[in-house]
Amino acid sequence: MRKRKWLMGAGSAILLLMGACEGSIDSGDPGPRVDGPAPNVPGTLPPRSTDPIAPGDIEPGRSVRRMTADQFVNSLEVATGQRWSDFDRFAGALGRADLQQVTEEGRAPNVTFDKLVGDAARATCADAIEADLEAEDRTSRRIVHEVEFSERAPEALATNIQYLLLRFLGLPEVPVEDERVQTWLPLVTEGTAEFTDAEMAERWEAVCIGLATHPDFVTY
Amino acid sequence: MNRFAALVAALALTSTVPGSVSTVSAQASCAPEERVEGHRLLRQLSLDLLGRIPTVEEYAELDASGGVVDDAILATMLGDDDFYSQVRRYHQRLVWGSVTGLSSIAGAQRRISRNGDGIWRNGNARNTYRGRNDIDCDDVEQTEFDANGRPVPLRTPAMANCRFDGSCRIEGYVWVNPYWDPSTRIKVCAYDAQAVAEDTAGNSCTETYNPSAQCGCGPNLRQCVQGNSATDRAMRAALGDEPGRIFEHIIRADRSYLEAFTTRETVVNGASAHFYRHMSGVIRHNTGGGVSYEAEMGNLRTVYPNGFSSADWRVVERGPEHSGILTTFAYMTRLGSNRARANRFYTAFLCNPFVPSSEGIPAESDDTPDPNLRTRAGCADCHNVLEPAAAHFAHWRDNQTFGFMDQVTPLTPLAECSNCGVPGSPNCSAFCNAYFVTPNNSEDATVEAAAGRSLATVFLSDEEAEAVDTGPSGLIQGNETRIAECTARTLSEEFLGRELNEDELLEWLPELRDEFVASGYNFRDLVRRLVRSDIYRRTQ
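These protein sequence lines map, in sequence, to chains A and B.
If you read the first sequence in the working numbering, its first letter stands for residue 435, the second for the next number, and so on.
If you read the second sequence in the working numbering, its first letter stands for residue 21, the second for the next number, and so on.
None of these hints come from the bench; they were simulated from the model.
Some clues are possibly wrong.
Stated by the list, open to error - Examples of chain A residues lying across from chain B (beta carbon under 8 Å, computed):
#1 G495
#2 V498
#3 N508
#4 V536
#5 G540
#6 A542
#7 N544
#8 D553
#9 A557
We put the CB at the ideal spot given by N, CA and C, even for glycine.
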């Protein structure tokens, strides 16, 4: 139940993030309408004639967007080193255009996307931690890269959080005392003194899932 | 804390942490302007150009360059294979490049499947080969063949409805190493497995599709496929990729973007080469039913000798009738009519979709509507431009078939279609009815004036009808600047994630267009200019 609540919360967060600042839209003026193709005069392209409303007061600049299905699964692979094995099965539901029935890549931050992002994150993070546990040396690990699974010192654990913030979200050199590090740190420090390495691995897996489902991971 | 609790705790963090990255981004996204630099810009560029977030190593390279996304980093990205993967996908979307809508790459006459004994055969050819459509070969190895290599029937039982003088003829099976996996050996009914070169009339059994009982699937079954099998899907996927591969080929070499619409070159891999070499072609131009594919593929045979499974993509020079992506299998079959083909081009590359008048389409007022859509009320808005544009495709087959028809001319009626379907004359063939004016597809007045003429040119002026011989590449002529402007606009909107506003359409877009033209329609240069622009580097 709590998990479901979170899903709704995260979905809402994405929706708010992407939908709240689109600029005001003036729906009163339907805008120019095109009757058939315009003559071949450069510099006269009208606003998209398929757009039912006029452009509105959009500020210059790029809009923050949700990743496409391909961008998401490729990025997840970069971050975790694991390809989501169910991607082909759910690519359409994630918004991938099949170019038959659907010809535009889906970018709507909807509940289906949110749900499948969670599924993909859980699957790939579990595989990533397993691969990390089997890795011969620390440098070839993707998630627990800066420390050993046996590490329990908060200062050392924080360096791996810093590494993951860069790896998943592109945040460089976030100070240890920064909230963005401190917020994640308790997951791997609180109550873990007596943990086995396997239990510690579960904590790192949780951090991985949290980052892979983070609104800042799936948008850009 | 147990595992689930840890997960929930981690997940809950992602939307509640004050000062977290999500808060930072939310603030940034609400700011009217924020210039994006450094790591964030690299992430944005990587997702737009490479389709993925940067690796840790790429962030390190950025740090090494002082945290500035410089020209060297951009050049590396624009040379990366991931960039070309994005280029292909972007253009596949523009042309709706996909042939997954076909149930199979092959017509029913070429589809094979296993029967209950596990023997492969063409279920639709059973009547042709054995005399009744419910009889397969026997599960006995065929050992006896005539002087031409054709199987001698094991038995000829007299059965009801057998079409060989009241008898059927039943052969055994032979072992075949199929082209899709030459390392395996499968049982195939001997008639279906025939690999003879010609039928008794001297027609080729292996160069083009020949439905004769004296022909089979050819060596290694190369002319047949199991419907919707992995083999079938591999061919469809490769053919669906073809337009995007042509764009990539042109863009990689920094050639004019316009060449993507005019070049004779195409790009094939093992699967699509196999299709063009062995599964296309028809023995008669007016073959009805099934799927017909026939297009001059130039030096395919010498350029691509490799096997079906080769993933190596190679450039092939096609015949002179070809026009870049516009005459690919995917473009032609995905867009099943000449009008659909012209419409997609106008929408995707001229940014000029066909839309009706703002007054809407009027109700039909006449009992006998004007057959000329260029003048008919409500239709003229679009068709006055669409019909001459569509005529550029008149030489090409339609309705999910593919091939060049040299029988079509701009104005001259085709003899076999100009005098058919009337009393005292033979029936019009499916070929005539599909592509030429006949009593079966046109009004009396139209037949009287233009019987046997290409349907595509009936209501065109003589000058407009020349589009037939100009071919699809003629759509580029005179539209170069407009294509440049549309390309710049569509790409800008892709990268900005929104439509351009009117100020940008009037001021920024013309600059981009002119630079694109001045660069010789260099697509990578356009991308470079776009991602360097202030507009791209500001986030709402």
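Consistency of the hints with the structure:
no., hint, in the structure
1, G495, "holds, 3 Å"
2, V498, "holds, 4 Å"
3, N508, "holds, 4 Å"
4, V536, "violated, 10 Å"
5, G540, "violated, 12 Å"
6, A542, "violated, 13 Å"
7, N544, "violated, 16 Å"
8, D553, "violated, 13 Å"
9, A557, "violated, 13 Å"
Hints 4, 5, 6, 7, 8 and 9 from the list above are not met by this structure, while the remaining hints are.
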